[in-house]
Amino acid sequence: MSSVDRFVGIVLLAALATGVASSCRNAATTSDSSTGSQQRPLFAEVGSSLGINFVHDAGTTGRFFLPELLAPGVALFDFDRDGDLDLFLLNSGQLDARGLPSPDSQVVNRLFRQVEQGQFEDVTESSGLGHAGFGMGVAAGDLNNDGYPDLYVSNFGPDRIYLNRKDGTFADVSEASGIENDQWTTSVALVDFDRDGWLDIYATNYVDHRADRKCPDNRGRDDFCGPQVFDGLPDRLFRNLGATSAGESQPLRFADVSVAAGIARQGGPGLGVVCADFNDDRWPDIYVANDHAANFLWINGQDGTFREEAFFRGGALSRQGRPQASMGIACGDVDGNGRIDLLLTHLEGENNALYMGIDAKGFRESSSRAGLAVTSLGFTGFGTQFLDLDNDGDLDLLVANGRAKRTTRNVGDAPHRSVPEFWRAYAEANHVFFNDGTGVFSRFEHDADPLVGDIEVSRGLATGDIDNDGDLDVVITNTAGRVRIYRNQAPGTGHWLLVRATLPEQGGRSAMGARVRVSAGKTTWTRLVQPATSYLSSSDPRVHFGLGTVTEIDRIDIDWPDGSSESFVGGAVDRVRELAAGTGISR
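Just so you know, we're using my numbering here: the sequence shown kicks off at 998 and counts up by one.
Hint data in this document are derived by calculation from the structure and do not stem from the laboratory. Be aware that one or more of the hints could be misleading.
Here are the in silico distance ranges between beta carbons for each label pair [to be verified]:
no., residue 1, residue 2, range
1, ASP1219, LEU1374, 20 to 30 Å
2, GLY1568, LYS1519, 45 to 55 Å
3, LYS1519, ALA1252, 45 to 55 Å
4, GLN1263, ALA1168, 31 to 41 Å
Using N, Cα and C, we set each Cβ at its ideal position, and we do this for glycine too.
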C-alpha cells in the first residue's frame, strides 16, 4: 500500500536554515543537496487523521511535584506480528497530597493497533494494558522467546511486566515474574547481558522523591525542584532465568542481580540508558545518562559482573570536567567510522554533548566541532534519536525539547494553542539537525513544519517506518499535551533498506544487541538493533539504512548477540530484508 493511501500529506512553502549562522528564520537553505533546493516541510502531523487522539494527563497543576514534569514515554512495536507498527502510550494522572500515585486514578495507558488503510484503532480495553499507574517509560521486546514482543512499563511506583498472549491481549505477570521495583523508574533497556539467549532487564532509577521539598525560582515563584535536592537511586538489573523450553506456557522468572553484578554500588539519578558493545569484546555494555551527576558506563566483565568506567573512557563528564543534567541518549555511527557515537541531551544553559567513539578505549567530546554546542545552549532536551531522515546515507539528529524550569526570558515564539496555561512557561521548539556526511550538523528551521514549528513541552521520542514506505516517521509525546505523529515527507529522498535481524532459536524474536553492517563499494553503514534509546521510549526494532544513490548492495554483515558473526549476500534495495541467525556464512 502506498504512503499516499496510508497518510494524509501536506505541501507548504518554506526554506531551510543553516543553523546558528542564520540570524533569522527561513532566511537561508541548508547545503545538503538532497534537501536544500526543495520548498516544503520535512514533516506532516497526521495523528488525528489516523485516529490517534491521545492527550497526556499530567495531574493537578500548581503543586510542582517533580514526577508531573518528566513523563511520558512511547513505544512503536508490532505487537500482533502483522507487519505494521502499533503504538503504546504512557499516561500519568493524579498524585495525592503526599506526592504519591493516587489509588483512585482512572487515567490509563493506551494501546493503538494499526489496521487497514494505515488507520489506528484504540484496543486498550480488550488488550489488558489499561493500567492506571503513574506511567513513565516503556521497553518492548520478547522476554519469553515465543516470537511476540512483551512490555516492561516503568512507573513512579511499582513497575509492570506484560506478556503478549499472541491473541491481541497481554497478561500482567509482574508479581509472578519476581520483579520488585517500586522506586521511581525512568528509562528501561532489554539486553542479554550474559549471552544465554534470554533478554534481561536494566531499569534506570531516578531519585527518592519527597513532596515536601520546595524550590522557588530566582523570582521567588514556586517551581519544580531539580534532582540535586533528592537522593539518587541505584539502578536495577534483573536476570532472566529462562525456562526449559520457550513458549507462552512457560513461567517467566527474573532474579535481581543488581548487587552481585556491581550495579547497586552507585546511585543515579538516571534518566536515559543504552546497551551496546563499546569496547569491541562482543559483550554488551551499559551506558546510563545521569541527571546532575556523572554518567555511568558499565563495562561487561563477561562473568555476570560490571565495572563502572565512564570517567576513564571519556563519557562521564563535560568537556570542562563537570557533571551535566543528562536526560536522553541518541546512539549511532554519525561519522561513518564504524564506531558507536552518543548524543546526550541536557538542561538549558548546558550544551547537548556529542561523545564520538574513537576506538575500543572510549570517547571524545566533540559537540563544538560537530556544530551542536551553541545551538542547544538555550534549550532543555529530552527524547533524541539519530536517524537518516532523507535517506542520503548519513545519520541526522532529532531532539525533543521542553523546559524543566520556568522561563525567565523572552522566548520569542508562542507555544502551541493546545498547551495548557500552566505549562506554557515550559514549552519550547523541537530541533532537527542535518548531517553533512562527516559528522558536522546544521539546524533545520521552517515555520510551517509542525515538528520544529509547534512549540510544546516535549518528552518521549520514538522513530519507525510507520507506513512502510522506506523512510522513518516520528512520534513525540508531550507533557499535558497531545501525542504527535509526524509523517516523514522529506523531498529528494534516496534509496533505502530495512533489516529485521532475528534469532530462530529464541522463537524468532528480534536480535536485540546485534550490530548490522551494509556495504556497497567502498562505503559501509553500521546500525544497532537497539530500540531502547532516546528517553523513556522504544523505537522500531528493524534497522534502517539510507543509501543515497546506491541501487544495489554488496553484502550484509551481522555480529549476533551471542558473539558470532555471519555474512549475507547483497542485492537490490528499497525493500525489507529479514535475516535469521544461522542462515548466513560464518565469519
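Evaluation of the provided hints:
1. ASP1219 to LEU1374: 20 to 30 Å: holds, 26 Å
2. GLY1568 to LYS1519: 45 to 55 Å: violated, 18 Å
3. LYS1519 to ALA1252: 45 to 55 Å: Check passed, 47 Å falls within 45 to 55 Å.
4. GLN1263 to ALA1168: 31 to 41 Å: holds, 34 Å
In summary, the one numbered hint that this structure violates is 2.
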